[in-house]
Amino acid sequence: MRKVAVVGAGMTKFMRRAQETGKELAWQAARMALDSCELTLKDVDCVVMGTAPDAFDMIHMKAEYLSDGAGAWRKPYVRGFLGGGTGVFTADQAWYHVASGLFDVCLAVTEEKMSSCLPHPQGAFVTCWDQYTESPLGTSLLWFFAWEMNRYMTMHGITERDIAAVSVKNKKNALDHPCAQLAAEITVDDVMKSEIMAWPVKRLDVSPTSDGAAALVFVSEDVAKRITDKPVWVEGVGWCLDTMYIGQRDLYYPKYVEYAARMAYDMAGIKEPRKEIHIAEPYDPFDYKELHHMEGLLLCDKGEAPRLLADGVTQRTGNLPVCPSGGLLGVGNAIAASGMIKVAELFWQLRGEAGKRQVPGKPQRGVAQAWGDEMQVGTVIVLGV
Amino acid sequence: MPVDKVTQVAQTKPLHGEIPVYAQYTFGIAGEKFFRELKDNGRLMGVKCPECNLIYVPPRIYCERCFSELTEWLEIPNRGVVHTFTVSHIDLDGNRLKEPVIVALVKFDGVYGGLVHRLGRVEADKVSIGMPVEMVLKSKTKRVGSILDIDYFKPV
Chain A
1 MRKVAVVGAG MTKFMRRAQE TGKELAWQAA RMALDSCELT LKDVDCVVMG TAPDAFDMIH
61 MKAEYLSDGA GAWRKPYVRG FLGGGTGVFT ADQAWYHVAS GLFDVCLAVT EEKMSSCLPH
121 PQGAFVTCWD QYTESPLGTS LLWFFAWEMN RYMTMHGITE RDIAAVSVKN KKNALDHPCA
181 QLAAEITVDD VMKSEIMAWP VKRLDVSPTS DGAAALVFVS EDVAKRITDK PVWVEGVGWC
241 LDTMYIGQRD LYYPKYVEYA ARMAYDMAGI KEPRKEIHIA EPYDPFDYKE LHHMEGLLLC
301 DKGEAPRLLA DGVTQRTGNL PVCPSGGLLG VGNAIAASGM IKVAELFWQL RGEAGKRQVP
361 GKPQRGVAQA WGDEMQVGTV IVLGV
Chain B
1 MPVDKVTQVA QTKPLHGEIP VYAQYTFGIA GEKFFRELKD NGRLMGVKCP ECNLIYVPPR
61 IYCERCFSEL TEWLEIPNRG VVHTFTVSHI DLDGNRLKEP VIVALVKFDG VYGGLVHRLG
121 RVEADKVSIG MPVEMVLKSK TKRVGSILDI DYFKPV
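Protein chains in written order, with my numbering: chain A, 1 to 385; chain B, 1 to 156.
These are computed hints drawn from the structure, not numbers from a lab. Misleading hints may appear alongside valid ones.
[To be verified] Derived pair list, reagent style DSSO-like, types lysine-lysine, alpha-carbon separation capped at 30 Å:
id, chain 1, residue 1, chain 2, residue 2
1, B, Lys98, B, Lys142
2, B, Lys107, A, Lys302
3, A, Lys75, A, Lys193
4, B, Lys39, B, Lys142
5, A, Lys255, B, Lys48
6, B, Lys13, A, Lys255
7, B, Lys98, A, Lys193
8, B, Lys142, A, Lys302
These numbers come from a predicted model, not from an experiment.
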């Protein structure tokens with residue numbers, strides 16, 4: 001397979017309620033990504049679109065609706081979908097469009113407009129449970145997160161306060177992000193005092209719902225060498241799905257994230273991720289998920305992530321900066337777009353273009369990961385320079 | 001009701017009005033059997049994959065690991081343990097509940113999988129992971145073939 005580089009990135013502001021339609025958001029991000037590498041729509045051979053459940057935008061077949069905003073007019077176009085895992089998977093998909101040799105320039109666009117769904121996008125999940133064993137109980141998404149967080153805490157003796165520190169870190173990091181929706185200086189006590197939703201999950205453990213879009217430009221090696229002296233290479237991709245039956249999963253540990261990470265690390269020739277990964281953007285729609293995913297990404301032992309956090313290792317100035325962007329907790333959670341801004345953050349960081357968010361020490365390699373679907377998918381990408 | 005074949009297109013008529021969209025799912029082959037046993041006999045059933053040596057609950061007609069057809073049904077104990085739980089304070093629309101509900105994932109000895117259900121006859125602060133619980137059924141006359149035929153699980 002051919003080498004593939006990321007050469008451009010763009011994103012909109014993330015916000016609770018955008019005036020722009022979904023396709024206008026997609027266009028803003030896509031146009032910014034193309035402008036950033038001085039390409040035009042004419043240079044684009046194909047487009048991949050990542051967008052999560054139709055029900056969020058309340059538009060059936062929304063990738064088709066979004067297509068013109070994504071730059072797909074009269075081009076090969078496909079939608080990738082792995083629920084919350086979509087954003088990073090869209091980057092994986094763009095990689096294989098180019099790596100396969102079929103296309104030289106692939107524009108990857110992600111979008112979510114969650115403010116259309118009222119009273120809350122949670123309603124979109126009413127039909128995603130088993131119709132007979134789960135739905136009649138009034139099953140809520142929050143229950144699943146609470147079950148995982150509780151089990152993670154219980155298995156390792158981790159406290160709610162240990163976990164709340166993730167929310168504090170990421171919202172603070174987001175203060176330096178120009179597109180952030182919920183950047184703030186808060187304390188662990190603030191998180192602990194916030195409203196209980198489904199114990200142990202409290203309001204400030206959770207990322208906000210958002211409207212937003214993000215885009216990346218993937219090109220073949222020869223195109224990359226022609227148009228930039230700062231290509232960021234896709235070194236590995238991976239994805240993996242676990243069982244749909246929640247009772248059959250290890251809720252305290254995301255095994256499927258580990259499998260996805262191993263696939264990507266093998267491709268990248270990474271033997272010791274703890275030494276070879278310099279910066280990580282794991283998916284953090286909930287604070288405990290950042291810790292969960294650090295472990296699944298093999299960046300520390302099981303149950304060890306809270307200690308790295310407490311020791312400052314995962315701060316922007318630490319040895320392994322984690323979510324220097326501010327993550328979903330700080331920048332916002334526009335599902336598919338949030339996965340992709342994690343890849344975009346690696347792109348900016350590895351090129352030294354992350355501005356006030358720039359981690360010191362010239363990082364050479366990073367991993368981004370998303371999670372979701374029915375809480376059983378891991379999607380991973382490794383970028384390097 | 002069957003109608004006579006229409007042979008003149010002019011005889012076809014448009015229908016006017018609102019079309020409320022709703023879904024009517026089927027239980028499926030495994031679900032039909034599982035819920036019928038629960039309703040009629042008050043029994044929890046699982047199904048075994050002899051290839052993988054796993055007993056699946058909820059039961060199904062195929063093994064997701066080896067793709068075998070599964071036909072070996074067996075009753076599973078009505079006692080299990082709390083694998084994990086939450087105390088939910090809001091409903092699906094985000095409204096505060098007057099009384100929070102405790103919902104758990106209950107696992108059964110020797111069974112691969114488990115059931116999601118409410119816990120009853122216990123205070124939230126008394127629930128812990130690993131706690132033994134027992135299924136409490138509605139009376140036979142009130143059972144309709146639903147997961148809600150199980151009223152809740154209570155501490156043993």
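Between B/Lys39 and B/Lys142, does the CA-CA distance stay at or below 30 Å?
Cα-Cα ~9 Å, so holds.
Has the given pair, B/Lys107 with A/Lys302, been kept, meaning a C-alpha gap of at most 30 Å?
Cα-Cα ~23 Å, so holds.
Under the criterion that the straight-line Cα-Cα distance not exceed 30 Å, is the pair A/Lys255, B/Lys48 satisfied?
holds (24 Å)
With a cut-off of 30 Å on the C-alpha distance, tell me whether B/Lys98 and A/Lys193 pass.
holds (20 Å)
Given pair status - A/Lys193, A/Lys75, alpha carbons within 30 Å:
Violated: A/Lys75 and A/Lys193 sit about 51 Å apart, past 30 Å.
Against the 30 Å threshold, does the CA-CA distance of B/Lys98 and B/Lys142 hold or violate the hint?
holds (26 Å)
Between the alpha carbons of B/Lys13 and A/Lys255, is the straight-line distance 30 Å or under?
violated (57 Å)
Regarding the pair B/Lys142 and A/Lys302, is the alpha-carbon distance no greater than 30 Å?
The given pair, whose Cα atoms are some 46 Å apart, is violated under the 30 Å limit.
This entry does not satisfy hints 3, 6 and 8, going by the numbered hints stated previously.
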